[in-house]
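Q: Go by the hints and put chain B onto chain A.
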Amino acid sequence: MNRPNVHLLDLPNEMLFNILKKLDNVDVLHSLFGINNERLDSISREEIFSYTLNFTSNVHDTTIIDSMLGRFCNYILPRIHYNVKCLIVEAVSMERILLATPYPNLTELKIFNFQRDSSLHYFTGN
Amino acid sequence: MASTEADSSNATTANTENATSKIIKIQSNDGQIFEIDQGVVEQSSTIKTLSDLMDVGEVPIPLPNVKASILGPIVEFCNHHKNDPKPEPLDDDDDDDPNKDIYEPKRSDDIIEWDQNFIKQFTVAEGTLFDIIMAANYLGIKTLLAVGCKTIANMVRGKSSSEVREMFNISYDPPGEGLNAPNAIEGQAGTVPTTQDANATGPSPQPDPMNQ
Numbered sequence: 001m002n003r004p005n006v007h008l009l010d011l012p013n014e015m016l017f018n019i020l021k022k023l024d025n026v027d028v029l030h031s032l033f034g035i036n037n038e039r040l041d042s043i044s045r046e047e048i049f050s051y052t053l054n055f056t057s058n059v060h061d062t063t064i065i066d067s068m069l070g071r072f073c074n075y076i077l078p079r080i081h082y083n084v085k086c087l088i089v090e091a092v093s094m095e096r097i098l099l100a101t102p103y104p105n106l107t108e109l110k111i112f113n114f115q116r117d118s119s120l121h122y123f124t125g126n
Numbered sequence: 001m002a003s004t005e006a007d008s009s010n011a012t013t014a015n016t017e018n019a020t021s022k023i024i025k026i027q028s029n030d031g032q033i034f035e036i037d038q039g040v041v042e043q044s045s046t047i048k049t050l051s052d053l054m055d056v057g058e059v060p061i062p063l064p065n066v067k068a069s070i071l072g073p074i075v076e077f078c079n080h081h082k083n084d085p086k087p088e089p090l091d092d093d094d095d096d097d098p099n100k101d102i103y104e105p106k107r108s109d110d111i112i113e114w115d116q117n118f119i120k121q122f123t124v125a126e127g128t129l130f131d132i133i134m135a136a137n138y139l140g141i142k143t144l145l146a147v148g149c150k151t152i153a154n155m156v157r158g159k160s161s162s163e164v165r166e167m168f169n170i171s172y173d174p175p176g177e178g179l180n181a182p183n184a185i186e187g188q189a190g191t192v193p194t195t196q197d198a199n200a201t202g203p204s205p206q207p208d209p210m211n212q
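First to last, the protein sequences are chains A and B. Numbering-wise, UniProt numbering puts 25 at position 25 of the first sequence, and it's gapless, one number per residue. Numbering-wise, UniProt numbering puts 76 at position 76 of the second sequence, and it's gapless, one number per residue.
Only chain B is shown next, with the shape it has when bound in the complex:
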């Protein structure tokens, strides 16, 4: 009996080690191949799905939407985080939850130091910060996606619209086009009705002081 239990334990350990040490290859759209282990695979729902579907063997999994200069750091990120405890699933659609504490400030200030230093290599000016966000979204790496989105949120927080426009080089819609068009109806934007409500009793909306 004891030897059977020992054999079973050894077999389980061997299987675990094999799972962790299993190496697969991924390939960026510019041809560079990276080797990753199962701990990295588990963090990317896209790679996990592809590796489950494909009998990959020695054939690298192609990732046509990610270039090497982005994929390399992503592998580094996942290698750093592969021993993290598995986070509890987040319900991103809880904005309508009546029990949600609406006093709780929305958080973007909880990026750990390593991740803060990691994300600094990507910038708005070079466009690489958006590259990493889109790559994280494509690869289904929620932790990295959260870091990228929180980083941009932190850049926006407290800035006026003119500062945001300058920071992100956002195009200015010329007068007479889009929402600036003559006789543009405000209700066309989202579901906000016209402010020229016949029943409105408040003061008339004033022009934007930030754009005068």
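Isolated chain A (complex conformation):
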């Protein structure tokens, strides 16, 4: 604390986790996954930041979700899919997220703004 220009990475991991726990997991992955810094990359790959992923508009601004989804589906989700246990998705983006990669440990799927007429075919096979 006596050195000039103390840096973010001077904080111990305990403090970095304290900060990141204030963020939704999707925000953590969006901002730190693939940041090309070994320590932050390693932290972002911790299980706790992948267990539950919430892609809904009640947590994130809609425009931000739209810009995030491409990178998540093409790059991030395939690399953390094994840790994902719960997905919270909007009906309109559900298909894109679920088809991005297999989720071998997925046990919960929550669908927001489910419209019966437009989404029922997913469950009936029609």
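Possibly wrong hints are sitting among the right ones.
Said to hold, decoys possible - Computed spacing ranges between beta-carbons, pair by pair:
#1 A:R39 to B:V59: 32 to 42 Å
#2 A:P12 to B:E113: 23 to 33 Å
#3 B:M54 to A:E108: 44 to 54 Å
#4 A:S118 to B:S162: 28 to 38 Å
#5 B:P62 to A:L9: 53 to 63 Å
Stated by the list, open to error - Keeping only pairs whose Cα atoms sit at most 25 Å apart, straight-line, the calculated SDA-like set for lysine to any residue is:
#6 B:K67 to A:P12
#7 B:K159 to A:G70
#8 B:K82 to B:F34
#9 B:K120 to A:A100
#10 B:K142 to A:V6
#11 A:K21 to A:D117
#12 B:K159 to B:A125
#13 B:K159 to B:T128
#14 B:K22 to B:P62
#15 B:K159 to A:A100
#16 B:K142 to B:Y172
#17 A:K21 to A:L9
#18 B:K159 to A:P104
#19 A:K21 to B:S51
#20 B:K120 to A:F17
#21 B:K86 to B:V59
#22 A:K21 to B:I170
#23 A:K21 to B:V164
#24 B:K120 to A:G70
#25 A:K21 to B:S160
#26 A:K85 to A:Y51
#27 B:K142 to A:L9
#28 A:K21 to B:E166
#29 B:K159 to A:P12
#30 B:K142 to A:M15
#31 B:K120 to A:E14
#32 B:K82 to B:W114
#33 B:K82 to B:Q38
#34 B:K142 to B:E126
#35 A:K85 to B:R157
#36 B:K67 to B:S51
#37 A:K21 to B:F34
#38 B:K159 to A:L16
#39 B:K67 to B:D110
#40 A:K21 to B:Q27
Rather than coming from a laboratory, the hints here were simulated on the basis of the structure. These figures come from a predicted structure and were not determined experimentally. The beta-carbon is built from N, C-alpha and C at its ideal position, and this holds for glycine as well.
A: Relative to the frame of chain A, chain B by itself:
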């Protein structure tokens, strides 16, 4: 009987006043001495522990990990908050609580206005924002630690990794080192196994569009 009760009440009041008005001295690592009262002491688990253990008297409690330019504002923060109602204890390890509402957005937007204005004096560029966080952690001042961590979380939220790297001047691991090393096994990072799973049936992971 009445006079006994009155004497007892007066004694209790006197004790309370003495506790509140008890002044102790703390000293930063660069020698500056600050006087604080018990209302401030109670907010810092470190200072409270040291003052309980030491028969301080007029001797200042040394705080070797905090310089005056940080300790001064911290005293100001604690003086402002010393009449706050005591918060309910938080369980920070409730991420595995099955009853926790997972729909509840994680909060960092609930910093009160005074605290927002207070924390603005500390910046990333000067490193003082991290100084205040480490000092709050060292001193065990949970409210200030929360303000600092939430402030950084708010700066990160919504930013791409390249924007975060620029904002916090984060070093770029050169190609060929660390996770960028040839034949680096992804499973070495945390507990995430290799994505080259023989049983995987999904599409192959694509390169990061943010780093092309």
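Q: Output the numbers, in ascending order, of every earlier hint that fails for this structure.
A: Structure breaks hints 5, 9, 11, 16, 18, 19, 21, 24, 37, 39, 40.
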